[in-house]
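**Student:** Sequence:
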Amino acid sequence: MKIIVVDDEPLVRQYIVQCVRDAGENEITAAVSSGAKVLQEMKDNPADVVFADITMPKMDGIELLKELKKQYPSTAVIMLTCHDDFEYARAAMQSGARDYILKTEVSADKIREALDKLENSHQQQLAKDMAKEMERGRFLRHLVDDQENIPSVKVEDLKKHSIYLEERAYLAVVFLNRKENTEIIQRYLQERFENSIFFIHSEQEAFLLTNVKREAFSDQKEAVSLFYHCALQLRGGIGCSDVHHHVSHLQRAFAEAVRDFDARFYQVPAQELPRESHVREVETGIMRASVKLMDGDIRGGCIDLERLLKYVGEYKARSCFVLE
210 MKIIVVDDEP LVRQYIVQCV RDAGENEITA AVSSGAKVLQ EMKDNPADVV
260 FADITMPKMD GIELLKELKK QYPSTAVIML TCHDDFEYAR AAMQSGARDY
310 ILKTEVSADK IREALDKLEN SHQQQLAKDM AKEMERGRFL RHLVDDQENI
360 PSVKVEDLKK HSIYLEERAY LAVVFLNRKE NTEIIQRYLQ ERFENSIFFI
410 HSEQEAFLLT NVKREAFSDQ KEAVSLFYHC ALQLRGGIGC SDVHHHVSHL
460 QRAFAEAVRD FDARFYQVPA QELPRESHVR EVETGIMRAS VKLMDGDIRG
510 GCIDLERLLK YVGEYKARSC FVLE
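For the sequence shown, the positions run 210 to 533 when our numbering is used.
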């Protein structure tokens, strides 16, 4: 971990630095005497953890804590207190400090214990975030794949899966699942779009949902045109939905994006795409079969795979995702 130590007393500061070094393989990026110097150091080299004296002149530990939470929310702050600072320590914990240590008890073991607690908490949060992301991905893939059997989507349904798309202008985009493609699209999103969420639909296919910022375009159709301009830099092209204003139209937006992608790949107007084409059915079938097999439904997965065999030839010949 990268660590900054701040205390206005030089001898105390040196002792804490030595304890941190003795506590394990951590990097002391700075040892400073004031909150202002901490903020300056954070600009140049952000730390994972700040050990801060709670009572310092000019900017005390609680003021520093609030500023760090505002500018660097992922940085953990551990307060160093004296016995008579208990009310300050309680206020610090209420303001977002991760822990506090009495100065009379500071030692390498105490520092190690505090850092281990932080690391365990971090790993637990990562596991929770991963579980949320997986559940969100399942929900969104379900919306893409099962157009007929899902009731109309509501804002509450989205929020339950940590999707904060708002009930105003938005669009859906589909593109080839490549890291460089995602990075290019992210650059286009910065100024004119918000509440954006990417999700992987399959090994080859990724989607984007995003709100159009208010007054970002004189005509909202320009938002779609911007993505078509972006497509010139992408591998595999892009497909966009129309601009929609109600989340109840979300499934329609996904379908429009997919159909637009296929139309551009086959170089025909979307309305002229042959509806007997089985590319979409095959991709959906692969996903369904994979999910069933991973869930232990061997019989159901094998039935879906048998159905797919009828379409594999056409899928390989026509799907741009397979070609890539």
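These are calculated hints, taken from the structure and not from any lab test.
Be aware that a few hints might be false.
Within a straight-line C-alpha distance of at most 25 Å, the following computed DSS-like cross-link-like pairs (lysine-lysine) qualify [unchecked claim]: (1) Lys267 - Lys279; (2) Lys369 - Lys337; (3) Lys341 - Lys363; (4) Lys211 - Lys337; (5) Lys388 - Lys337; (6) Lys388 - Lys363; (7) Lys211 - Lys326; (8) Lys319 - Lys278; (9) Lys252 - Lys279; (10) Lys319 - Lys341; (11) Lys252 - Lys267; (12) Lys278 - Lys341; (13) Lys326 - Lys337; (14) Lys341 - Lys369; (15) Lys363 - Lys326; (16) Lys246 - Lys279; (17) Lys337 - Lys279; (18) Lys341 - Lys267; (19) Lys422 - Lys369.
**Student:** State for each hint whether it applies.
**Tutor:** For each hint, the structure was consulted:
no.: 1; hint: Lys267 - Lys279; in the structure: holds (19 Å)
no.: 2; hint: Lys369 - Lys337; in the structure: holds (14 Å)
no.: 3; hint: Lys341 - Lys363; in the structure: holds (19 Å)
no.: 4; hint: Lys211 - Lys337; in the structure: holds (24 Å)
no.: 5; hint: Lys388 - Lys337; in the structure: holds (24 Å)
no.: 6; hint: Lys388 - Lys363; in the structure: violated (30 Å)
no.: 7; hint: Lys211 - Lys326; in the structure: holds (16 Å)
no.: 8; hint: Lys319 - Lys278; in the structure: holds (24 Å)
no.: 9; hint: Lys252 - Lys279; in the structure: holds (13 Å)
no.: 10; hint: Lys319 - Lys341; in the structure: violated (33 Å)
no.: 11; hint: Lys252 - Lys267; in the structure: holds (20 Å)
no.: 12; hint: Lys278 - Lys341; in the structure: holds (24 Å)
no.: 13; hint: Lys326 - Lys337; in the structure: holds (17 Å)
no.: 14; hint: Lys341 - Lys369; in the structure: holds (10 Å)
no.: 15; hint: Lys363 - Lys326; in the structure: violated (39 Å)
no.: 16; hint: Lys246 - Lys279; in the structure: holds (16 Å)
no.: 17; hint: Lys337 - Lys279; in the structure: holds (23 Å)
no.: 18; hint: Lys341 - Lys267; in the structure: violated (42 Å)
no.: 19; hint: Lys422 - Lys369; in the structure: holds (23 Å)
Checked against the numbered hints given earlier, the structure breaks hints 6, 10, 15 and 18 and satisfies all the rest.
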